[in-house]
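From first to last, the protein sequence lines stand for chains P and E. Note that the first sequence covers residues 1 to 271 in the working numbering. Note that the second sequence covers residues 272 to 575 in the working numbering.
Since the hints were made in silico from the structure, they are not lab data. Values in this document were obtained by computation on a predicted structure and should not be read as measured data. Any given hint could be a false lead.
[As the list claims (entries may be wrong)] Covered by chain E, per the in silico footprint, the following chain P stretches (three or more residues, Cβ under 8 Å):
| id | region |
| --- | --- |
| 1 | 149–160 |
| 2 | 209–215 |
[Stated by the list, open to error] Chain E residues, not near chain P, derived (Cβ > 12 Å throughout):
| id | residue |
| --- | --- |
| 3 | K322 |
| 4 | H348 |
| 5 | D361 |
All residues carry an ideal CB built from backbone N, CA and C; glycine is no exception.
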Amino acid sequence: MNWLTPLQYPFMVEALLISVLIGSVCAVLSCYLVLKGWSLMGDAISHAVLPGIVIAYMLGLPLAVGAFAAGLFCAMATGWIKACTRIKEDTVMGIVFTGMFAFGLVLFTKVQTDAHLNHILFGNILGIERADLLQTIIAAVITLSVVLIMRKDLMLFCFDPAHARAIGLNTTLMHYVLLSLLSGTIVASMQAVGILLVVAMLVTPGCTARLLTDRFDRMLMIATASSVLASCLGVYVSFFINGTTGACIVLAQTLLFLLAFATSKWRTRSV
Amino acid sequence: MTPPLSIEVSNVTVAYPNGLTALSDATFTLKQGTIAALVGVNGSGKSTLFKAIMGFVQPVSGSIRLAGDTVKESRKHKLVAYVPQSEEVDWTFPVSVWDVVMMGRYGHMNFLRIPSAEDKRMVRESLARVGMTDFQERQIGELSGGQKKRVFLARALAQNGQIILLDEPFTGVDVTTEEAIIELLRALRDEGRIILVSTHNLGSVPEFCDQVVLVNRTVLAAGPLEEVFTEDNLSRAFGGVLRQFHFESSTIQDHDGKTVKLLTDDERPLVFGKDGHLEYKDRSEREELVKQREKIEDGRVNDE
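Please build the complete structure, drawing on both the sequences and the hints.
In structure tokens form, the structure reads like this:
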């Protein structure tokens with residue numbers, strides 16, 4: 001077995017290609033999440049998709065549709081409860097997403113499915129099924145195109161919502177667009193790293209890039225590069241060490257972040 | 272022909288969903304070519320009034336007209352530009368000075384926001400006007416307080432906003448920069464724009480505003496500076512919040528040569544003369560007024 005061995009297996013090639021796609025979607029969106037301060041929102045929505053997946057299974061719908069709906073429900077329920085009470089948003093979010101996640105777990109044990117809980121929680125990029133693969137690709141392509149088309153408006157929305165409104169952008173709509181994009185990304189990356197580790201994909205690339213640049217366009221590029229590299233590296237390494245692929249990808253992301261951190265530290269010291 | 276620029280706020284009441292009435296029955300009018308101060312304590316409804324003019328909150332009653340149009344209609348013309356308070360801005364955000372000023376052009380671009388030659392020209396011009404051309408490549412966090420203000424003012428210029436709303440423009444700005452900004456605001460006024468400045472810094476108001484709108488949950492008084500900015504009105508707007516220091520005649524003796532020096536750490540003090548008239552530090556454009564007062568003074572001396 002040499003270092004080219006993984007490429008002899010079709011499932012490995014497929015997994016590498018998919019991870020390039022997922023890596024870029026997550027990277028691009030992570031820049032906005034990091035700047036908007038929505039990391040916890042990412043964590044919350046990713047956990048909250050579980051009941052959606054189970055219910056979609058029960059109704060015979062594509063799992064992605066259920067996940068997407070549940071993700072949006074979590075965000076809206078959080079917003080609504082916050083508006084009606086004196087409780088702070090992060091607290092409300094903590095209650096809503098853990099509640100939904102627990103509900104999903106209970107539902108899962110009560111409903112006979114042929115899905116593996118482990119695959120949902122931790123991802124299964126090496127054994128991804130045809131139908132799931134298609135859903136992942138559709139979700140990823142739609143999300144990526146919408147973000148790239150709207151990237152300047154979304155940036156303005158994160159930076160200065162008041163100005164965005166003053167020049168006639170519908171910021172309420174933008175809020176929901178960003179939420180939908182977030183849910184879409186989670187649906188897309190669920191297959192690769194699972195819903196428990198998705199938040200790493202949604203936060204780490206943006207943070208890594210943020211440490212290395214103070215221009216938004218460069219941040220998008222660096223985030224994409226680091227995320228794609230980490231995804232491929234994770235898939236590749238997991239083949240050799242026979243480890244959980246999702247965890248390997250996230251570890252690679254963390255490693256790149258630490259490298260960026262060290263670089264930025266070293267840079268500020270030498271200035 | 273477009274109707275002349277104006278802000279007409281009539282009988283506006285704004286209530287928030289949580290039941291708080293932030294502003295009730297507010298009325299005032301501003302004509303083109305004015306710098307107006309919106310003065311009141313924190314929570315008096317200054318920012319609510321701003322939000323209503325920008326259309327972020329819908330009044331429960333009353334109407335707001337901008338150059339004859341409703342707020343919604345006027346948005347098409349990108350008439351209103353907003354210069355945010357420094358505290359509202361995330362200064363660590365990875366954008367350069369150029370990027371921020373370019374945001375003023377977004378409303379004039381197509382949905383992909385690709386800047387045209389005209390957009391770039393406007394940005395260059397606006398940067399030059401506020402004297403920030405040399406800083407255009409800087410990340411916004413690397414600027415001083417005054418430079419930060421000027422960047423956002425440049426964005427309002429790039430937007431070609433005819434009604435410019437400034438929220439607390441002088442907090443965290445040194446006096447020299449403050450004077451430079453005031454100079455620029457005067458130039459913008461002379462082009463016929465309406466500048467509405469929200470502030471609780473009383474002392475700076477007589478230095479550069481010609482109209483004053485005093486608010487405390489409603490509009491207490493609105494009109495020319497000399498008429499509205501009186502001790503009486505101010506104590507109604509501010510209640511017991513203002514600190515007062517009277518220079519009684521015992522303080523100003525003849526051996527002081529009628530001169531007293533007043534130092535404050537940050538904000539400009541508001542000084543009233545003997546009959547409650549405003550004292551100005553900057554007397555340019557007010558030579559007439561000073562002469563007039565001298566005449567009155569002379570008349571009195573002759574009477575005695």
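Do the hints match the structure? See the list:
| no. | hint | in the structure |
| --- | --- | --- |
| 1 | 149–160 | holds (count 8) |
| 2 | 209–215 | holds (count 4) |
| 3 | K322 | violated, 9 Å |
| 4 | H348 | violated, 10 Å |
| 5 | D361 | violated, 7 Å |
Hint violations for this structure: numbers 3, 4 and 5, all remaining hints satisfied.
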